[in-house]
Amino acid sequence: MKNGDHLFLVDGSGYIFRAYHALPPLTRKSDGLPVGAVSGFCNMLWKLLKDARNTDVGVVPTHFAVIFDYSSKTFRNTIYPEYKANRSVPPEDLIPQFGLIRQATKAFNLPCIEKEGYEADDLIATYARLAVEAGGDVTIISSDKDLMQLVNHKVSMYDGMKDKQISIPEVIEKWGVPPEKMIDLQALTGDSTDNIPGIPGIGPKTAAQLLEEYGDLDTLLARASEIKQQKRRENIIAFADQARLSRQLVTLKNDTPIDLGLDALVLEPQDGPRLIGFLKAMEFTSLTRRVAETTGTDAAEIEPVPVETEWGAAAHGPDLDKGEADGSAEATTAEVAGGSVAASVPAVSSEAAALTPAALAKSRADAALGQKIDTTGYVCIRDLATLQAWIDEATETGFVAFDTETNSLFPMEAELIGLSLALAPGRAAYVPLAHKSGTGDLLGGGMLENQIPLDQALAALKPMLEDRSVLKIAQNMKFDWLLMHRYGIDIAPFDDTMLISYALDAGPGGHGMDSLSERWLGHKTIHYKEVAGSGKSAVSFDMVDLERATAYAGEDADVTLRLWRVLKPRLAAEGAVSVYERLERPLVTVLARMEARGISVDRQILSRLSGELAQSAAAIEDEIYKLAGERFNIGSPKQLGDILFGKMGFPGGSKTKTGQWSTSAQVLEDLAAAGHELPRKIVDWRQLTKLKSTYTDALPGYINRETGRVHTCYAMAATSTGRLSSSDPNLQNIPIRTAEGRKIRTAFIAGPGNKLISADYSQIELRVLAHVADIPQLKQAFADGMDIHAMTASEMFNVPVKDMPSEVRRRAKAINFGIIYGISAFGLANQLSIPREEAGQYIRTYFERFPGIRDYMDATKAFAREHGYVETIFGRRAHYPEIRSSNPQMRAFNERAAINAPIQGSAADIIRRAMIRMDDALAEAGLSARMLLQVHDELVFEAPDEEVDKTIPVVRHVMENAAMPAVSLSVPLQVDARAAQNWDEAH
DNA sequence: GTCCGACCGTA
DNA sequence: TTACGGTCGGACG
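The first sequence lines up with residues 74 to 1060 when you count with my numbering.
Because the hints were derived from the structure by calculation, they are not lab data.
Given the structure is predicted, the values throughout are model-derived calculations rather than measurements.
Among the hints, erroneous ones may be present.
Simulated pairs of lysine-lysine, DSS-like, Cα-Cα distance not exceeding 25 Å [what the hints assert, rightly or not]:
1) 123 x 179
2) 237 x 278
3) 326 x 227
4) 120 x 218
5) 235 x 146
6) 609 x 435
7) 235 x 120
8) 720 x 699
9) 699 x 730
10) 711 x 728
11) 237 x 247
12) 720 x 730
13) 435 x 509
14) 301 x 326
15) 609 x 509
16) 720 x 852
Restraint ranges, calculated between C-beta atoms of paired labels, are given here [as the list claims (entries may be wrong)]:
17) 377 x 462: 43 to 53 Å
18) 711 x 609: 37 to 47 Å
19) 918 x 779: 50 to 60 Å
20) 781 x 921: 27 to 37 Å
21) 996 x 96: 26 to 36 Å
22) 96 x 245: 25 to 35 Å
23) 444 x 742: 19 to 29 Å
Here a beta-carbon is modelled for each residue, glycine too, at the ideal position from N, C-alpha and C.
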């Protein structure tokens, strides 16, 4: 480098963040890869390279380099561990752009410079010094105030986004001090984004005024006592050391080791084809055209280069709600996407810098399988200081695996016994909080000593657990979230390994930690039974000795963290980001709150019903014994079969797979229809005892002592299709079809002054079918608000809808459902009790009238066979590996399930979206209605009497528009809603 | 004590 | 013909 040469230094890392926030979001058309910052970066580079003379810089560079931060940890952290500690993690759609911007730099044939342990700013300071010493001039492409200290008559800055040169006068104008005093100014003011303390109460204006008066920081500190303003004087004296430390932190290091000398930065000519290959891959069409013109390259001849991103993007399936004002979207949660990056990390870690998302996922998976997990090395934390140290480290790292130990599996009655944290694989701790001493006598034993008092531990944990810049990772977060919610802590943001697994691998095989650990880590976890015993000898977790509790609980957190490292990158690699972030994660808190609310159940009504059922059943029992001629256990299918088909000699219908005669309701109904009295009685008895044992007897046991309400538990990852399931108790199978059964619903009541509102989708699955299979007649019928089963019957049997016999409609209805279930002649015949041939003929007729349905079914089967999975309209996948089975029965079953899954699953996704938006929509309308239950196509709310009329339209609106705008259905959704005192009348 | 099959309630 | 969970009886250890 010589006199007259001019070096351009681009602050690459700074540019990324600035461009991300300043420029409108932009995604690659073909797959939704976020590329806004990349686009801005490329446009700026191109302008500087081709057009610098016409910018505010006014000169053409001879040397050029782009500088990046290497990683979050620099020498500054050794002087001040809190440095940049409160910086939040980059937003998810920025993460893939770090790698892309490096690739862009290389495509522009420019040197890409970074150095471990140093920030980009230090490298820029070093190169600027070297260039000036060699006689050159320097322009730093950045507007970061941290770099302004470097400005002098040979060094200036250039804001590439505002096309504005920043020289000495501009610095003075902006900050009131010349560039050489910027360090002292920053030392006084501090910087909250970098967590530089400075002196409290001193901002830029005061700092400039003080420096004007006293000259520099040291003089100011030495003469602080002369300052007139009392508060200011006291602060400067008290925080003098803090200011000196701050000065150390903001002073850029201009003698960092460098790998490339100045001569390596000489600007080389552009490699047109290489650059165009990259720009085409990014789908930047206008820049591609400009570059092609300037470099004389034929862009059409050039293939896009394969672009590699660390995380890829939500590239698969429809781009769910990008840019939509969606109540579901948590404000882009600060989070890291996979664990290789630490909290502040503007840089891509070396692990993955050159990997595709798929390759990263694979390397993580391979590495995890090779690692041994030692459960004896976990820490047991018994004092607040140690706990605080772990919390601090978690806060600094930016993510932590978290798990709770309790004395119950029901989150609404569980008490916190302890909790565990994991910061890195193998690095976990257990914090016992309510363990009892094992030596307790019959009176129960006392609390174990040397445990951190619960309130102190919670107070210490709360800031971290609620810190937006610390990602909390759990397996089945809904449990831990609800538990901690009851202790006054609302965990956010979070990831849930169970839900990540579910978004990726829904299908056969569960998503429990034990099975995930075996599958992905090759590690058999300690079974709960091994530490707490089982059955009668089982003890509550608070009686487990601390050594074993630490191993068990520590392992839970450790395994969760390891699973997260393996599974999270797969989301991007396999295009499941949208499903996870839009349909899974936001539902956690929605469901947790529903579970916490519970529903009021009238104990008296159930008790009365139980009595009635017992009486009726007893009466029938006597008649059964009389007819059978002996007493036996009616509830035993085996004994019943012996009586019916042995002793009584009834003709057996079908057999079960164990070879027993079936005593199913269908068989008994057939016998009853043939005029036999006993089978009828059995059917009646079964119905009564079923209602009694499953509902009226069991439900009161679920009424919570404290709340007086029933709190069901929803499983988010239990089904292969995306539906929820409900248990403890299951409130998704409360009877409705028979008059006797319906009475149970009258026990589900609104609280005083409230009503229950039931809102359910009408025919949602058939509507989804009409949409995905694109069936004109069905779509028209729904658009016209017609009776869909009658329309089907009319089409199939050529009968007018008017005055249609109910039997004809019934058959069409059965066929419609059969279609959704992946119809077979055998199944339809069974359902309608008609010969198989007749059923087969129905199906043929149906396909003739609606040929699109057969096309859809064939296409779905072919897709499933090829890929091993099927997808909902929102991109949720259900896997059916057995669809390629050589066993025809197995194969046929999987084909039917694969046909059903996109329909059932799309409907499930739609109601999920409605639920995710509902709380906000109600709040926005100023309504206090609360969502209590979900029953697949129905939502149940509780609302104050006087708000009912205003609530129903809001609920309907949210539900009917739930697919929008991610998917615009070609069929309207219809929601029926009603309010009443109890669930029976509301539905 | 634990597991599985049969049966049956819901969408 | 799809998707679930709960209860019971009965066989296993």
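Comparing the hints with the structure gives:
1. 123 x 179: holds (17 Å)
2. 237 x 278: With a Cα-Cα distance of about 23 Å, the restraint between residue 237 and residue 278 holds, given a limit of 25 Å.
3. 326 x 227: holds (18 Å)
4. 120 x 218: holds (23 Å)
5. 235 x 146: Judged against 25 Å, a Cα distance of about 31 Å means the pair is violated.
6. 609 x 435: Violated, at roughly 44 Å.
7. 235 x 120: Between residue 235 and residue 120 the Cα gap is close to 13 Å, so the pair holds against 25 Å.
8. 720 x 699: holds (14 Å)
9. 699 x 730: Violated, at about 31 Å.
10. 711 x 728: Roughly 12 Å between the alpha carbons, so the hint for residue 711 and residue 728 holds.
11. 237 x 247: holds (13 Å)
12. 720 x 730: holds (22 Å)
13. 435 x 509: violated (44 Å)
14. 301 x 326: violated (35 Å)
15. 609 x 509: Given pair residue 609, residue 509 holds - Cα atoms ~19 Å apart, limit 25 Å.
16. 720 x 852: Distance ~55 Å between residue 720 and residue 852 Cα, so the pair is violated.
17. 377 x 462: 43 to 53 Å: Roughly 49 Å apart at Cβ, these two residues keep to the hinted range, so it holds.
18. 711 x 609: 37 to 47 Å: Since residue 711 and residue 609 have Cβ atoms about 28 Å apart, the given range 37 to 47 Å is violated.
19. 918 x 779: 50 to 60 Å: With Cβ atoms ~59 Å apart, the hint holds.
20. 781 x 921: 27 to 37 Å: At roughly 58 Å between Cβ atoms, residue 921 and residue 781 fall outside 27 to 37 Å, so the hint is violated.
21. 996 x 96: 26 to 36 Å: Given range 26 to 36 Å: holds, Cβ gap about 32 Å.
22. 96 x 245: 25 to 35 Å: For residue 245 against residue 96, whose Cβ atoms are near 29 Å apart, the range 25 to 35 Å holds.
23. 444 x 742: 19 to 29 Å: violated (58 Å)
Of the numbered hints stated above, those contradicted by the structure are hints 5, 6, 9, 13, 14, 16, 18, 20 and 23, listed in ascending order.
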